[in-house]
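Residue numbers (the numbering used here), protein chains in the order written: chain Y, 1 to 368; chain W, 1 to 77.
Honestly, the hints are just simulated from the structure, not real lab data.
Incorrect hints may have been included.
With a straight-line cut-off of 27 Å between C-alpha atoms, the simulated BS3-like cross-links for lysine-lysine are [as the list claims (entries may be wrong)]:
id	chain 1	residue 1	chain 2	residue 2
1	W	K38	W	K63
2	Y	K307	Y	K356
3	W	K46	Y	K276
4	Y	K307	Y	K355
5	W	K63	Y	K356
6	W	K36	Y	K349
7	Y	K145	Y	K250
8	Y	K250	W	K45
Where chain Y lies over chain W, by a calculated footprint (3+ residues, C-beta under 8 Å) [as the list claims (entries may be wrong)]:
id	stretch
9	8–19
10	43–50
11	53–63
12	67–74
Over 10 Å on every C-beta distance to chain W, these chain Y residues come out as not near it, computed from the model [stated by the list, open to error]:
id	residue
13	K26
14	T105
15	T127
16	G157
17	A171
18	A194
19	Y224
20	K239
21	E301
22	L310
23	I311
24	I350
Please read all numbers here as calculations on a predicted model, not as lab measurements.
Even glycine gets a Cβ: it sits at the ideal position worked out from N, Cα and C.
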Amino acid sequence: MLTAQQYERYSRQIVLPQLGEPGQQKLLQSKLLVIGAGGLGCAMLPYLAAAGIGHIGICDDDTVQLHNLHRQVLYNNSQIGMQKATCAAAFINSLNPDTVVSIYTERLTNKNALSIFNGYDIIADGTDNFATRYLINDACVLLNKPLVFGAIGMFEGQVAVFNHTTTDGQATCNYRDIFPEPPAENEIPNCAAAGVLGVVPGIIGSMQANEIIKIITGIGKPLYNQLLVYNALDCGTVKLTISKNNLADKFMPADEKAFAEHNYTIACSTAGEAIKEITAAELFLLPAGSFQLIDVRKEEEQPKIVKEELIKIELSTLNEHTGLLTAPVLITVCQTGVRSKQAAIMLMKIFGNNKKIYSLNGSIFQLI
Amino acid sequence: MSIQILSFGSITDITGSSYFTMPMVADTSLLIAALKEKFPALADKKFILAVNAVTVTENTILKTGNIIALLPPFSGG
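Could you put the whole structure together from the sequences, leaning on the hints where they help?
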């Protein structure tokens with residue numbers, strides 16, 4: 001039963017025959033997790049709380065920055081430096097007492113995602129990086145949760161509903177059916193690098209909120225097996241039908257154990273910022289015996305360099321010779337600095353945080 | 001005979017236009033090869049094709065009048 005206050009608060013949507021009191025009851029009983037309280041989250045959260053979603057989780061480990069304020073309209077000048085999830089929760093608490101808010105200010109990882117997701121019916125993705133997007137997608141597939149996806153760049157945005165369970169028990173397409181593998185993180189410019197018009201996440205996040213309300217109340221046709229692409233410059237929208245992709249299962253962790261062991265961060269930074277480079281000048285300052293240089297060039301390449309701390313292992317055989325790498329600091333070197341970066345990525349995958357791994361900036365010639 | 005191409009996001013930065021045409025070829029593999037030859041920067045880009053607004057996951061025969069979308073992933077939020 002709705003209270004008199006609730007009848008009044010929600011009267012303008014209860015009067016919609018498609019929604020009615022049963023729809024309002026469904027909203028009040030639903031549990032939604034919004035991941036990312038940035039541009040998309042700031043658009044989704046007020047509408048969903050105002051509509052009377054009963055429980056909203058907000059997951060974001062970031063703080064409010066001045067350069068967020070042109071698009072993240074839940075926040076104001078006085079909140080710079082404060083946790084976004086905390087500020088967004090305060091906004092919702094003052095907007096609608098019917099909505100219970102839970103906040104998660106730790107970073108979402110494959111270690112905590114499943115236990116957090118278990119408490120919610122629907123997951124909404126408003127994150128800003130591929131590592132977390134693939135992690136969220138895979139967690140939703142493993143837990144059979146519908147995922148309302150939104151992503152933006154410059155003047156464009158994408159919206160879809162993934163992994164909805166149909167009446168015959170089949171799951172609709174997910175993100176890996178479109179893009180089975182993540183791109184290198186540096187390949188796709190993010191908001192910081194490429195810019196974004198502030199209203200674009202407002203539009204895309206509002207579309208996500210609309211999909212969420214449709215899924216909960218069972219009205220309309222949510223974007224199942226469809227990806228909507230919006231362009232703010234010409235107000236163009238294109239709806240693509242998503243086909244099932246056989247590669248999706250190949251890259252998807254098979255179970256919760258494989259999910260917990262999957263390295264989402266490395267998978268998304270195959271040529272990216274994760275590689276640390278060291279200059280020759282910095283290298284010469286390192287104490288002898290504290291590091292190993294790994295020359296990953298082929299045997300025939302000139303000049304030959306002989307140094308006590310240098311070991312020659314060709315890039316193609318690096319995986320088989322990691323037992324020779326005993327120093328706590330490993331520095332890969334090659335003719336131009338390209339293969340040494342590839343080698344550094346391979347070593348990062350093998351050693352993780354157990355060793356410091358650098359690629360020499362530039363050519364091995366500097367070491368002559 | 002030509003194929004109509006719609007491009008999105010960062011792909012448009014490379015192609016220079018969100019709508020253009022390419023000479024007709026038999027299938028999507030040949031089209032991708034022709035696009036990468038015309039726009040070498042596409043070689044390093046991740047994108048998928050949709051033929052008549054349906055995403056394709058393997059080589060697909062093209063027919064006259066097909067409209068092809070080139071769609072990159074977006075990461076921003």
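Numbers of the earlier hints that this structure fails to satisfy, in rising order: Hints 5, 6, 15, 16, 18, 20 not satisfied by this model.
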